[in-house]
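Under this note's numbering, read the sequence shown as residues 385 to 1004, first letter to last.
Everything labelled a hint here was simulated from the structure, so no lab data went into it. Because the structure is a prediction, the values reported are computed rather than measured. Where hints are given, some of them may not hold.
When the alpha-carbon atoms are kept at most 20 Å apart in a straight line, the in silico EDC-like pairs for lysine to aspartate or glutamate are as follows [claimed, not checked]:
| # | residue 1 | residue 2 |
| --- | --- | --- |
| 1 | Lys685 | Glu660 |
| 2 | Lys726 | Glu842 |
| 3 | Lys925 | Asp980 |
| 4 | Lys986 | Asp950 |
| 5 | Lys925 | Glu989 |
| 6 | Lys925 | Glu984 |
| 7 | Lys456 | Asp489 |
| 8 | Lys726 | Glu754 |
| 9 | Lys726 | Asp980 |
| 10 | Lys726 | Asp699 |
| 11 | Lys726 | Asp751 |
| 12 | Lys726 | Glu686 |
| 13 | Lys726 | Glu659 |
| 14 | Lys925 | Asp975 |
| 15 | Lys726 | Glu660 |
| 16 | Lys685 | Asp642 |
| 17 | Lys685 | Asp699 |
| 18 | Lys685 | Asp737 |
| 19 | Lys726 | Asp883 |
| 20 | Lys726 | Glu656 |
| 21 | Lys456 | Glu514 |
The calculated label-pair distances, taken between Cβ atoms and stated as ranges, are [claimed, not checked]:
| # | residue 1 | residue 2 | range |
| --- | --- | --- | --- |
| 22 | Val440 | Asn742 | 41 to 51 Å |
| 23 | His926 | Lys726 | 36 to 46 Å |
| 24 | Ala451 | Asn742 | 53 to 63 Å |
| 25 | Asp751 | Glu634 | 16 to 26 Å |
| 26 | Gly901 | Leu746 | 54 to 64 Å |
| 27 | Ser488 | Gly712 | 43 to 53 Å |
| 28 | Gln851 | Glu634 | 42 to 52 Å |
| 29 | Leu876 | Ser725 | 36 to 46 Å |
| 30 | Arg491 | Ala542 | 45 to 55 Å |
| 31 | Gln705 | Ala432 | 49 to 59 Å |
| 32 | Pro736 | Pro987 | 38 to 48 Å |
| 33 | Asp751 | Val727 | 12 to 22 Å |
| 34 | Gln679 | Gly940 | 52 to 62 Å |
| 35 | Gln705 | Asp899 | 26 to 36 Å |
Positions of the beta carbon are idealized from the N, C-alpha and C atoms, including for glycine.
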Amino acid sequence: MTTSQPRRRTDEPEERSVNDTLAALRAMRVGSFDDSTRDLDLPAWARAGVAPAITVGRWGAVGFGIAFSAPKAFNGSYLSVVAVAISLFLTTWRTVLPVRLASSDPRHRVSALVDVALFGIATGITGGLESPFTFALFVSIGVIAFGWGYMPGMWALATAIASLLLTVGLSENTFAEQADSQRDVALTFMSLAVVLMCAFVRDRLVDAEKGRGSLAGEIDSLSAANELLALVNTVARSLPSSLTLREALEACRRQISDSFGARVIALVAYDESAEEWVPRLADGCVLNPAYRTSQLPPMFKETLSIPRPMLIDHDEDSDAQNAPVQPGMRSGIYARLETRSKVVGLLAVEHPDPNRFNEHHLTLMSDMAEVLALTIDNARWFGRLRTLGAEEERVRLARDLHDRLGQWLTYIGFELERIIMLDSAEGRAALTGEPTPQPPEGDMPLNLSMPDSQSVVELQRLYGDVQSALDELRETLRQLRSGVTEDDSFTLMGQRLLDGFEQRSGIATTFEVNDGGDRLPVPVENELFRILQESLNNISKHAGANSVTVIWTIEGGNYELSIADDGRGFAVGRGVRESAYGLVGMRERADVIGADLEIESKPGEGTRIRVGAGRISRGN
């Protein structure tokens, strides 16, 4: 297959512009203005000055040679004309296409040696060391010594000497006349000094650049490390101070938002009791109320199996396996939050712009992930410890209620009783059963204010309310003070609780015990006892039940507490305002002891609450 090329018009000017010529020369493989010093291990400011300095040196030396060779050339010296032609050609050529200094390509080094040989010839045919082109030869030798170092400089010096020896016989001076004066000897040593000086300057500049580069690298590394440490230190100082899970999560959200500028922040935490992943943060995205491990979004599944954070750039046509947590996001960082050899959560940080995050963000996430995991885990454990430590607070609160509120209510009751008895004969008679006192015969009647019957009734009603409040307070104090101890087991305290509940509420109770005489640790039994108390309170207030059945089972360290009523029930699937039914508190207590809490209920069919750990074999 042949292709036709457009013919160049015969009337087109033969001369091109200077810019076109330079552009064509730069495109040649020999070299160019742009890359003549790029192989030099020198700072940019030094490289920028090398090429102009060499050009000035070349033209200065050649100009000196032409100035002193011109008279001979005008007088018909063909050797001087040849030397001028060689010098002008080489200098112009190297101005347009400089030698690539320090290049590892042998062709560039050989071309520089050819320059030395040609300048050596020009020097030799015009008088050897007495030639006006001697300085042009020195410049070409210095270029090699500066570009490649000592040894190449010595090779350049040897090339210059060889070319001089071969051509000096063509000049008017003989070889014997080259070293017959102090000037000639000085020029010989000067050539050696040029090599040594140029190579020395090169080495010093290269060493200085290496030191500067090393220092700059260390400074950059230290700056990056300092920035990361500052951020991590901020995280470490701010997050662990949040010892409630809600505060810890909010601190995490703020820190991630400030550090990454993310549009989507999604964090799911693992609930061991329910064996589910529960969303804790969902900024800019929509998550389900809970996930089984097999139901997690694809990126969370992949994150769960990889210990280090991942930096992912999503394509618009990404398949379902690589889909972001929130559709439409193009860049994301995903991290597994792990502490104490346990995965406590999964974190996704996403942005709609592609390539939004880089290795710096990935390193920052690696450092932050451990702190975030530890913060969340600390908050969870602190909540458990706080719940376990609430027993002592219960005792203190019961004592304060008894010593302050109880005594005040008792005092108010006594005062009401005294006022009623003093101000109302009927009231005193009603309260004490004694006849109304009469004044002695002949004495003045008692100066008692006799309120009307309505006032007496109101005082008696208030007195009854105070007594009811005292009864409620005594029951509250009894519940606060009652608890499982080493001597009083859950079985014993549960039976007492159910007996008192039946007497107060009139709801029939049944307590079945299948513990085989075994017991759980006191803190565990105490939390179960509080769950039973809360369940019975819910039944008395909300269920409208006629009977309650409580079953307590222990099998080989596994246990289950079942509380069932025949009340009105509710639709679990539709949800329930858990705070109104105390379910939040029961779930927290179950989580403290590592138990599962299940609620089964339907409208009109009652409610069953199961709290347990492990598996219990069930009969029919």
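Quick rundown of the hints versus the structure:
Between lysine 685 and glutamate 660, the direct Cα distance comes to roughly 13 Å. Compliance with the 20 Å bound is thereby established for this hinted pair. Our distance criterion of 20 Å between C-alpha atoms is broken by lysine 726 and glutamate 842, whose separation comes to about 65 Å. Proposed proximity of lysine 925 and aspartate 980 is contradicted: the alpha carbons are some 24 Å apart, above 20 Å. The hinted pair formed by lysine 986 and aspartate 950 meets the criterion: a straight-line CA distance of about 11 Å does not exceed 20 Å.
Between the alpha carbons of lysine 925 and glutamate 989 the distance comes to roughly 17 Å, so the proposed pair stays at or under 20 Å and holds. In summary, the hint linking lysine 925 to glutamate 984 is supported, as the alpha carbons are separated by about 18 Å, within the 20 Å threshold. With a C-alpha separation of about 40 Å, the suggested pairing of lysine 456 with aspartate 489 is violated against the 20 Å cut-off. Between lysine 726 and glutamate 754 the CA atoms are separated by roughly 11 Å; this keeps the pair inside 20 Å, and the hint holds.
A threshold of 20 Å between alpha carbons decides the hint, and for lysine 726 with aspartate 980 the separation of about 19 Å falls inside it, so the pair holds. Restraint check for lysine 726 and aspartate 699: the C-alpha separation of about 32 Å exceeds 20 Å, so the hint is violated. Between the alpha carbons of lysine 726 and aspartate 751 the distance comes to roughly 17 Å, so the proposed pair stays at or under 20 Å and holds. Only pairs whose Cα atoms come within 20 Å are accepted, and lysine 726 paired with glutamate 686 is accepted, the gap being roughly 17 Å.
With a C-alpha separation of about 14 Å, the suggested pair lysine 726 and glutamate 659 falls inside the 20 Å cut-off, and the hint holds. Among the hinted pairs, lysine 925 with aspartate 975 is inconsistent with the structure: their alpha-carbon atoms are about 25 Å apart, more than 20 Å. Annotation: proposed proximity of lysine 726 to glutamate 660 holds, straight-line Cα distance about 15 Å (limit 20 Å). For a cut-off of 20 Å, the pair hint linking lysine 685 to aspartate 642 is broken: about 26 Å separates their Cα positions.
Taking the CA atoms of lysine 685 and aspartate 699, the gap is near 19 Å; set against the 20 Å cutoff, the hint holds. For a cut-off of 20 Å, the pair hint linking lysine 685 to aspartate 737 is broken: about 23 Å separates their Cα positions. For a cut-off of 20 Å, the pair hint linking lysine 726 to aspartate 883 is broken: about 44 Å separates their Cα positions. Of the supplied pair hints, the one linking lysine 726 and glutamate 656 holds, its CA atoms being roughly 11 Å apart against a limit of 20 Å.
At roughly 14 Å between alpha-carbon atoms, lysine 456 and glutamate 514 fall within 20 Å of each other, so this suggested pair holds. Between valine 440 and asparagine 742 the Cβ separation comes to about 44 Å, which falls inside the hinted range of 41 to 51 Å. Checked against the hint of 36 to 46 Å, the pair histidine 926 and lysine 726 passes, with Cβ atoms roughly 37 Å apart. The supplied range of 53 to 63 Å is met by alanine 451 and asparagine 742, whose beta-carbon atoms lie about 60 Å from each other.
Take aspartate 751 and glutamate 634: their Cβ atoms lie about 21 Å apart, and the range 16 to 26 Å holds. Distance hint check: the CB atoms of glycine 901 and leucine 746 are about 58 Å apart, consistent with the given range 54 to 64 Å. Hint check: serine 488 to glycine 712, Cβ distance near 50 Å, so the stated range 43 to 53 Å holds. For the pair glutamine 851 and glutamate 634, the supplied restraint of 42 to 52 Å holds, since their beta-carbon distance comes to about 47 Å.
A hinted range of 36 to 46 Å for the beta carbons of leucine 876 and serine 725 is consistent with their spacing of about 39 Å. At about 20 Å, the CB distance of arginine 491 to alanine 542 disagrees with the hint of 45 to 55 Å. In this structure the supplied range 49 to 59 Å holds for glutamine 705 paired with alanine 432, their Cβ-Cβ distance being about 52 Å. For the hinted restraint 38 to 48 Å between proline 736 and proline 987, the CB-CB distance of approximately 45 Å keeps it satisfied.
Roughly 18 Å separates the CB atoms of aspartate 751 and valine 727, a value that falls within the hinted 12 to 22 Å. Against the hinted window of 52 to 62 Å, the Cβ-Cβ separation of glutamine 679 and glycine 940 comes to about 32 Å, which falls outside the hint. In this structure the supplied range 26 to 36 Å is violated for glutamine 705 paired with aspartate 899, their Cβ-Cβ distance being about 50 Å.
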